Every structure is written in structure tokens, then in C-alpha cells.
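Protein chains in written order, with the UniProt record's numbering: chain G, 1 to 325; chain V, 1 to 737.
In short, the hints are calculated from the structure, not lab data.
Please note that the accuracy of each hint is not assured.
What the hints assert, rightly or not - Derived EDC-like pairs: lysine to aspartate or glutamate, alpha-carbon spacing no greater than 16 angstroms straight-line: (1) V:LYS327 to V:ASP400; (2) V:LYS327 to V:GLU270; (3) V:LYS72 to V:ASP53; (4) G:LYS37 to V:GLU524; (5) V:LYS554 to V:GLU524; (6) V:LYS724 to V:GLU366; (7) V:LYS735 to G:ASP187; (8) G:LYS37 to V:ASP400; (9) V:LYS327 to V:ASP293.
To be verified - Computed far set for chain V versus chain G, every beta-carbon distance over 12 angstroms: (10) GLY7; (11) GLU494; (12) ASN608.
What the hints assert, rightly or not - Chain G is faced by these chain V residues, among others (derived, beta-carbon under 8 angstroms): (13) ASP11; (14) ASP53; (15) ARG116; (16) VAL169; (17) GLU172; (18) ILE405; (19) ARG409; (20) SER413; (21) ALA414; (22) TYR610; (23) GLU613; (24) GLU657; (25) MET668; (26) PRO680; (27) ALA681; (28) THR732.
Quick caveat: nothing in here was measured; it's all calculated off a predicted structure.
The beta carbon of each residue, even a glycine, is placed where N, CA and C say it ideally should be.
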Amino acid sequence: MRAYTFTQPRGVREALADAGTDTAFLAGGTTLVDLMKLDVVTPARVVDINRLPLRGITLDRDGLHIGALERMSDVAADRNVRRDYPMIAQALELSASAQLRNMASIGGNLLQRTRCGYFRDVTTPCNKREPGSGCSALTGINRTHAILGTSDACVATHPSDLAVALVALGTDVHLVSGQGTRTVPLDTFYTLPGSTPHLENVLRPGELIAGITVPRSMWAANSVYLKIRDRQSYEFALTSAAVAVEWRGRTIRQARIAAGGVGTKPWRLPAVESALAGQPATADVFEAAVSAAADGARPLSHNGFKPALLRRTLVRALTVLAESR
Amino acid sequence: MTVSPLGRDIDRVDGRAKATGTARYSADYPAANLAHAYLVTSTIARGTISAMDTTAAQNAPGVIRVYSPFNKLGLRPVPGAGENYAPLEDTQIRFRGQIIAMVVAERLEQARDAARLVHTTYDEQTPRLSLADEPRVPATGPPGVPAPSATVLAPGVPSIEAALAASDVVVEASFHQPMQHPAAMELHSVLAEWNSDQTQLILYSGAQLPHTSAMVAAGRLGVAPTAVRLIAPYVGGGFGSRVFPWYDAALAAAAARQLNRPVKLVLSREQVFTVVGHRSAVNQTIKLGASRDGVLNAVSHVSDAAVPFVGYRWMQPAVDVSAVLYKTPNVAFDQRHVMLDVPPACAMRAPNEAPGAFALETAMDELAVATGLDPVELRLRNYATTVPGTDRRWSSKHLDDCYRIGAQRFGWSARRARPGSRVDGQWLVGMGMASAIYPGGRRPEPIQARVQLRDDGTALVSSATADTGTGATTLLAITGAHGLGIPLRRVRSEAGDTALPQGAPSVGSTAAASTVPAVEAAVEGAVAALIQEAVSNPLSPWHGANSEELTYEKGQLRGRGQSMPFGRLLTTIDRRNVEATATAQPGPEAGEYKFHSFGAHFCEVRVNRYTGEPRITRFTTVVDAGRIVNAQAARSQLVGGVIFGIGHALLEDDPLELDTGRVAAGNMADYMVPVNADIPAIDVHFLDRPDPVINSLGARGLGELGTVGSAAAVGNAIFNATGKRIRSLPITLDKLL
């Protein structure tokens with residue numbers, strides 16, 4: 001860790017006043033402090049935003065509003081979230097450990113950095129950490145890496161479980177900066193690595209996530225988040241599926257589906273969604289619908305199993321959801 | 001009435017201190033005028049340092065000194081103990097993650113920041129990293145010790161190949177185990193403090209062999225062994241990673257000597273993965289030849305184990321398992337080494353036996369399938385009552401009962417032999433079993449303990465064994481209380497300090513069996529000293545009596561119609577205490593018998609039909625380790641050992657990058673060890689039958705036993721669930737899709 005200035009402003013305007021490219025906002029600190037210790041992130045200024053009024057978990061006619069500074073554990077425990085958006089609570093509870101969830105914020109969760117071992121090891125080349133230095137994972141140990149949305153510059157997996165559930169549900173993210181506020185869909189908030197993997201989202205320097213809104217829907221209450229990993233807890237996903245279904249009897253009226261552990265960003269699967277629309281909830285339908293889920297995937301030397309695992313994860317999640325009807 | 005604590009569920013005597021945070025581990029010791037050190041490690045695997053720019057580091061805030069091959073500390077390797085080179089003494093790079101510089105600063109953060117300012121350039125050479133492709137050489141043992149050969153052929157059998165060819169059924173299988181790490185919870189740490197004239201050094205540093213570690217550190221520093229005292233009453237896990245000290249202790253001590261102030265060095269978690277040893281990757285091939293009814297005719301076990309060029313651990317996974325587990329007229333080994341430019345290896349828990357048993361006990365499961373026999377029945381048909389190829393008997397062996405009782409406790413009869421035939425919803429359910437075998441004998445060298453009887457009616461038992469979390473300190477107290485016949489609460493015990501009599505090293509599952517006789521002898525000596533005082537001290541009521549007139553029982557001296565607790569006697573004669581130090585060493589029985597502990601593992605696993613992940617739902621282990629001294633600590637050891645095995649079976653893997661020599665999972669985020677959610681309640685049952693030979697209590701060792709065979713039991717259960725035989729560890733879900 002190197003020397004940096006540290007401030008604890010009480011207001012958003014104050015927090016954003018001098019924020020720039022050398023500024024890091026500190027919320028739960030569960031990613032930032034890690035990366036600072038590893039020398040991966042070396043901000044000149046750290047602004048502790050925990051005193052800002054970016055709080056609240058409320059449900060109204062528009063949907064579920066969550067302030068960026070709400071803790072993962074509090075959101076997971078919220079009655080409305082558990083009843084109307086079960087996959088959000090599940091995605092949160094399958095993340096990290098209880099201790100980390102007690103600290104980590106919702107805004108920070110959405111902005112957490114990849115777990116790619118090369119990104120976190122400053123002795124290795126990494127385009128995301130040091131643009132132009134090369135991608136070690138392309139030829140290195142890449143069992144956990146992405147197969148969708150990758151480029152020759154970067155194959156790092158997006159790590160957030162929550163973001164997968166939120167992308168499936170069409171969540172909006174509210175941003176605030178010195179220039180004002182704006183709202184963008186979370187799906188387009190994240191960008192593909194392309195030739196600029198160090199840019200991961202549309203957030204501008206000195207811009208903060210203020211909160212999110214998950215819209216009301218006919219499917220969010222019938223949803224499941226399934227996470228597949230080697231270890232039963234405290235590990236990032238090899239694959240995950242966020243599946244929400246609007247039922248009409250035993251028939252799927254429409255579905256919302258996103259996958260985690262496979263993409264460089266949370267991976268919405270519109271083709272699978274449309275293949276399920278209007279279909280009965282049978283094993284054959286599920287198998288057929290997911291057959292194209294990994295189309296366009298670029299498996300690497302150690303993660304050739306991921307396309308098949310993704311399809312099976314989706315079928316399993318759909319089966320679980322259908323059986324719980 | 002005093003009830004002996006022997007064999008009962010006894011809480012650790014230091015449990016409260018550990019749970020409440022008052023226990024001091026090595027990095028917790030304070031020192032005045034303390035300086036902090038931080039290491040810099042190499043980023044290439046082989047070559048030489050062509051230049052090192054330390055100017056920025058040296059000029060950074062708080063930095064006292066930067067040590068490097070260009071500003072040496074003058075350490076020297078100790079032959080046969082740890083690595084075969086000393087860091088910072090030359091510019092050669094032997095593996096990626098090697099120590100190449102050490103920054104000493106006023107504060108830890110200053111040392112760490114400055115370490116990142118050291119700029120190193122290298123002349124690189126192509127590292128030798130492939131276990132599959134690099135040349136094989138015959139396995140060697142420790143320097144000066146011939147490699148064990150246990151090849152035995154029945155009369156008239158020309159070769160193991162001929163014996164296999166003559167067998168009705170032959171099973172051949174090859175296995176791979178990747179690099180594994182001990183990953184002890186306590187980071188490797190040292191505080192080095194010299195006295196004012198620099199003639200005496202105290203090292204606060206966790207060690208499994210306190211006296212040996214002090215001696216090795218002394219050798220590296222070029223001082224007499226008596227000049228070094230090592231203190232480590234609390235050690236946060238050994239698992240083989242604290243057998244010999246790594247160079248952290250000598251580096252910190254050498255810097256402390258130069259700077260004339262105490263120096264603390266704590267490795268980062270990432271540094272532990274390369275500065276501290278690991279269990280080498282190993283490939284093994286087993287061939288079993290048997291009759292149609294499953295009786296073994298031939299066992300062939302070949303291993304190719306990675307051995308780091310820097311040392312120190314040689315691996316012989318074949319001879320320590322396949323030579324002793326089953327009766328067979330023909331058995332042959334070919335244990336080979338493959339020298340690689342990788343970080344040092346160490347004797348990680350059940351160093352040979354864990355990989356060896358995974359291979360043999362998986363192959364035996366395959367033989368059960370090939371012969372259509374139940375795996376338990378197959379093992380009983382090949383039960384060895386003498387060491388194969390000899391008429392040497394075990395001191396005590398009840399492995400057959402472990403199989404039978406384990407099968408009953410576990411409900412083995414419900415197992416269906418046909419793989420994939422039990423389904424529960426989304427899950428395929430399978431059962432598997434395997435044997436455990438590990439040496440359970442005593443150390444060959446003399447082991448010391450001291451017992452002191454005090455005027456407050458308490459006793460102090462002291463021995464410089466190591467308590468790496470095993471419960472050794474508690475065992476000292478239990479054995480002392482049992483021998484003296486006084487309540488456990490009146491006995492204190494101390495270990496982990498070379499100022500105490502030299503105790504049993506915490507290696508090879510020998511500490512308990514070796515410590516017990518030493519404490520018993522010291523109890524006897526202390527009682528004799530007490531009686532001697534009673535008859536010779538003018539203030540004693542027994543003054544002038546013959547010592548034969550006095551007897552000691554349950555804390556009381558009796559004779560001439562009166563009795564007195566030893567505490568009151570000592571008060572009466574105005575003595576604070578009496579004590580005796582005693583030595584115990586195995587006798588001729590050590591050569592007559594083979595000493596092993598045994599066990600049988602039974603595992604139930606569920607494998608998801610969609611996504612393949614294996615989840616363990618039940619585990620039973622039945623153990624024959626002689627008499628159990630502390631049932632609670634022993635159970636914890638076995639449970640921990642089984643968890644080790646589950647980790648090896650399902651999770652643990654540190655992939656080596658074949659182009660760079662970098663260990664790809666060199667941190668606790670990427671190196672997967674089981675979490676609580678991966679581990680079901682583990683049912684451990686002890687036969688608790690005293691060994692009639694090993695020592696007076698009949699207690700053998702058991703610290704590593706649970707690690708042996710448990711991975712095979714998991715793999716065999718996965719085969720039973722899925723019909724998939726995975727011979728390459730870990731058995732991750734992608735291999736089961």
C-alpha cells in the first residue's frame with residue numbers, strides 16, 4: 001500500500017468535488033482494500049462515502065429501490081426482496097461469506113473487479129491492470145475464465161452474482177456526478193473488454209452509483225438463482241443462472257434469463273428467453289431452449305467444459321423453478 | 001476419588017487462551033526497538049540476477065537496510081536440513097518466488113512499500129518444469145540413507161511382469177496428484193532478538209521440532225547450537241510446513257545481528273506458497289494381479305514424483321503403502337524422481353502415504369469391480385498378518401475389525417454394487433471405502449520430559465515437544481495427571497521452548513507415543529526424589545526412615561502409619577518443589593515388531609446429475625491406534641485428517657505454469673481448501689485397544705492416519721455414484737459432466 005489522502009465527506013456534492021481519475025470511493029472496502037494491498041489499485045485519494053445518504057430499501061409502484069450503500073446482508077434479509085425478488089436474495093446469500101456480506105455495499109458489488117489471478121498479481125502482464133502489457137490468461141491457467149464476450153485482450157470473468165440477477169430483471173442503475181444525475185440500464189452499464197479491458201463500464205471519472213431500481217414484473221417473484229462451483233460456499237461461480245418465469249398454468253408465458261461465470265459481463269440470454277416463451281415447462285423444451293445458450297462462446301485451454309456446464313446449469317435452474325410451482 | 005483423565009474427552013488446557021486471543025503466536029511477541037522486515041521474491045523461475053536497483057527502496061521512508069545478493073547476510077545452508085542453498089548469497093534464481101531481497105524498516109508498511117521499489121533485471125534461462133517430460137532418475141532418500149527397496153518375488157518368479165502375466169485378473173491404472181500446499185493458518189513468522197553482546201539469540205518462530213529448528217538456524221547463522229533458543233508454545237498448524245525452518249528465521253536473525261536490534265519477519269500469504277514447501281506433484285501407476293476370487297498375486301507400484309532442485313523433500317509414495325498394506329507373494333516398486341525448477345517441497349501430512357494410498361486404494365476398488373467382489377470382502381481376502389514378504393508381525397493390528405465395525409456403523413450393506421443405481425432427485429448417490437495405514441511407532445532417539453512436584457500441591461510437566469494444534473500440551477498434562485494420580489486441574493504443562501528438556505518432535509505421528517513413556521519415567525523419577533527428600537530432610541515426619549517404607553499413591557506419601565499429600569510435605573520441609581528429568585527410548589521391541597496405526601474409511605457422496613458437482617454427505621472412519629489418550633483431541637485429529645483427504649480428493653490444486661514456473665493458485669482465494677459447507681458430520685470411532693508392545697499405556701500415533709486413504713474413499717464413492725473413475729486429482733465437476 002502506498003500513501004494516499006483520505007477524506008470522509010458527508011454530502012454527495014462534497015464527495016464529488018475533487019474526484020478524478022486518481023480517486024477511489026471506499027464503501028465496504030472488501031474489494032478496494034484487497035486490491036490496494038496487492039498494489040493492483042494505487043489511488044492517490046480515497047474518499048470514504050459511507051456517510052453519504054445513499055441508503056434505503058423501498059418497494060413502490062415502480063419497483064424495488066436500493067441505495068448504493070446498503071449492505072449485501074441487509075438487502076438479502078429484506079422481507080420485500082425475499083418475497084418479490086427471491087433471486088436477488090439468493091444471489092446475495094450465495095456470494096462471498098457472511099462477514100464480507102455484512103460489509104460489502106450494493107454499489108461496490110456491482111463495481112467489484114474480476115477475480116482473474118493475473119489481474120490480481122502485479123508480477124504478470126494484464127491488459128486490464130496495465131493496458132498494452134498483454135493477457136496472461138489467454139495462454140495461462142484459465143479454468144475459471146470467461147467464454148462469452150471475450151477478446152484477444154481480455155478473458156476475465158465478471159465476478160458479481162448480484163449483477164447477473166439484476167441484469168435478468170432489467171434493472172436500472174442511477175448515477176450521480178458533479179454534472180447531475182443519469183440513469184442507464186445495468187445491462188448496458190457494463191461494457192465488453194474489446195481492446196480496452198481496463199474500461200469496464202460507462203461510469204465517468206468522479207461519477208458514483210447512487211442506487212438501483214429493479215422494476216416490478218410478473219416474473220421476479222417466480223425466480224431462482226443457481227450457482228455452480230467446486231466449493232459449496234465462499235467461491236465465485238464457475239457458472240450461474242438467474243431465471244425468472246411468468247407462468248400461465250404449466251406454460252411459460254415469458255422468461256428472463258441471465259448467466260454468470262461465463263461472460264466478461266453479466267450475460268443476458270434473450271435467445272433462450274424467446275425459445276421458452278409460450279412453451280410448456282418440460283425437460284425437452286428446456287433442453288431445446290438452452291441448446292444455443294453458449295453460441296459464440298470461445299473456450300480456452302482449461303475451460304472447455306463451460307459451454308456444456310452453462311447449458312446444464314440453465315436446465316437445472318429451469319427444472320428447479322418448474323418443480324417449485 | 002480421583003478419576004484419571006486418560007482416554008476421556010478432555011478440553012485443551014490452552015483452549016481458553018486460544019479462543020480468547022490471549023495465546024501468543026510468533027508474530028504476537030513484542031520487542032523494544034523492533035524493526036520489521038519484508039521479503040522480495042523472484043519473478044522468473046530460472047536464471048541469474050543481472051542487476052538489482054535498490055536505491056529507491058533504500059531511500060524510501062523508514063527504511064533501515066536493504067539486503068540482497070549485493071549486500072549479503074552471510075548465511076550458509078545446513079546439509080540435510082531444508083533447502084540446499086542459502087538465499088541472498090548468490091545471484092542464481094532457482095524457482096519463481098525465491099527470496100532475492102529483504103527490506104528492513106521501522107514499520108511493517110514502510111518495509112512492504114519499499115520492497116515494491118526494488119527493481120530487478122534477470123538473465124533468464126528456460127526453466128525445467130514438466131513432470132511428464134523432464135528426465136526421470138531413481139528415487140533417493142535423505143542424504144546418506146539408501147533408497148528403500150521392498151521388491152519381493154516369490155521363489156521361482158523371475159520378475160513382477162511375469163507374476164502379473166500369470167495372474168487371472170490384472171488391473172492397471174495411472175494416477176495424478178497435483179502440487180498441494182500445507183496452507184497452515186498461521187503465517188510463517190519470526191521475531192529474532194539477540195542479547196546485548198550478541199552471544200544468545202531468541203527466535204520466536206513456530207516449529208514442529210523446536211530443538212532441530214534452533215540447531216538448523218544456528219548452523220545457517222554460523223553460531224553454536226547452544227546460542228539459539230527457540231520459543232513457540234503456540235503454533236498455528238504444521239502439516240509438515242514447519243519441520244525444518246525456512247530461511248525466514250535465519251534472515252531475520254542475521255539482520256538483527258547486523259542492525260543490533262530485534263527484527264520481525266512475517267511472510268505474506270502469497271509468499272508462504274513459494275518460500276514454504278509444498279507436497280510435490282506425482283504421477284503413479286499401479287498394476288494388481290489377482291486370482292478370479294480376488295486373492296492378490298502381484299502388486300506393482302511405480303511413481304514419478306517432482307523433486308525441486310533446491311530440495312528438500314524426496315517422495316516415495318509406493319513403498320510406504322504398497323509394501324505393507326496387503327498380503328501378496330510378489331510386490332515391486334520403481335520410485336523415480338523428476339528434478340524441476342520449482343519451489344521447495346516438504347513432508348506434508350502423510351507425505352508418501354496420502355498419495356500412495358490414493359493410488360493403491362483406488363486400484364483396489366477397480367480390482368473389486370473386476371472381480372465382482374465387495375470392496376470390504378476383497379480387502380479381508382488379502383489381509384496381511386505379517387509384513388508382506390517377511391515374518392515380521394505388527395505390535396498390534398485390528399484393521400479387520402475396523403473394516404467390519406466401520407461397515408456396520410456406516411450401513412455399508414445398503415450399497416449397490418452397480419454404479420449409478422441409486423438416484424435421489426437430482427442427485428446420484430454412491431458409497432465408497434478405503435483403508436488407512438500410517439506408522440504409529442516411537443521416535444528412535446531419546447525423548448525427555450521433566451516432572452516437578454510443587455509445594456502448592458500442583459505438578460508441572462515440561463517437554464519441548466511442539467503443540468501444532470494437536471493437543472500435545474494437553475497430552476503432557478493428561479499423562480502427568482494419570483501417572484501421579486492427581487486431578488488434571490492440578491497439573492500444568494509446557495512445551496515448545498528449547499529451554500525445556502528435548503521432547504518428541506511433532507512429525508510422523510510419533511509425538512504422543514514417544515512422549516508418554518518419557519513423562520511416565522519423569523513421574524517415577526519425581527516420586528523417587530520426593531521420597532528421598534522425605535527420608536533425608538530433618539523437617540520431614542519420615543526423617544530417618546528407609547525409602548522402601550514409603551509408598552506414593554494418588555498424590556499422597558504413606559508409610560509408618562501416616563500419610564501426607566506431597567504439597568503439604570514440601571511445605572513442611574520448606575522445599576518449593578522437587579523434580580526429575582527422565583529420558584525414554586524404545587528398546588529391542590522396536591526391531592522385533594512393525595508399528596502401524598490402521599483405519600477404515602467409508603464415504604457417501606452425491607453427484608448432481610445436471611452439473612456434476614460432488615458433495616459428501618456422510619463419512620465414517622474407524623481407527624485402530626491402540627489406546628486413546630485424549631478422545632476429544634484424537635477425534636479432532638482424525639476429523640482434520642479426513643477433511644485434508646476430502647480437500648485432496650475434491651478441491652486442492654495449484655497448477656504450475658509450464659512456461660513461467662509460476663504457481664497459479666498461490667493464495668487462499670485460488671487455492672481451494674474445504675469450507676464447513678463441504679464437510680458433513682464425520683463419524684470417528686476408535687477401537688481403543690491398547691497396544692501391548694509400544695509403551696505402557698498402549699498408545700500409538702494417529703495424527704496423519706485420517707489423511708491416508710480418505711481421498712480414495714471419496715473417489716471410490718464417486719465411481720459408485722456415477723460409473724466414472726477419475727484418477728487425476730482433484731475430482732472436480734468438469735471431470736464428471
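Checking hints one by one. Is THR732 (chain V) an interface residue toward chain G, by the C-beta closer than 8 angstroms rule? With Cβ-Cβ at 5 angstroms, under 8 angstroms, it holds.
Against chain G, does ASN608 (chain V) hold up as non-interface, every C-beta pair farther apart than 12 angstroms? 7 angstroms, violated
Assess, step by step, whether the Cα of LYS724 (chain V) is no farther than 16 angstroms from the Cα of GLU366 (chain V), and give holds or violated. 11 angstroms, holds
GLU172 (chain V) as an interface hint toward chain G, with CB separation required under 8 angstroms: For GLU172 (chain V), the interface hint is violated, since the closest Cβ of chain G sits about 27 angstroms away, which is over 8 angstroms.
LYS327 (chain V) paired with ASP293 (chain V) [C-alpha distance capped at 16 angstroms]: 15 angstroms, holds
So, ILE405 (chain V) near chain G? Judge it on the closest CB pair being under 8 angstroms. Status violated, d = 30 angstroms.
Restraint check, 8 angstroms cut-off on beta carbons, for ASP11 (chain V) near chain G: 27 angstroms, violated
Verify this label for me: GLU494 (chain V) is non-interface relative to chain G, using a Cβ-Cβ cutoff of 12 angstroms. 34 angstroms, holds
Does GLU524 (chain V) sit within 16 angstroms of LYS554 (chain V), going by the straight-line distance between their CA atoms? 13 angstroms, holds
Using the nearest Cβ pair, does ALA681 (chain V) come within less than 8 angstroms of chain G? Interface hint status for ALA681 (chain V): violated (15 angstroms vs cutoff 8 angstroms).
Holds or violated: LYS327 (chain V) with ASP400 (chain V), Cα cutoff 16 angstroms? 13 angstroms, holds
Is the Cα-Cα distance between LYS37 (chain G) and GLU524 (chain V) 16 angstroms or less? 56 angstroms, violated
Checked against the numbered hints given earlier, this structure breaks hints 2, 4, 7, 8, 12, 13, 14, 16, 17, 18, 19, 20, 21, 25, 26 and 27; the rest are met.
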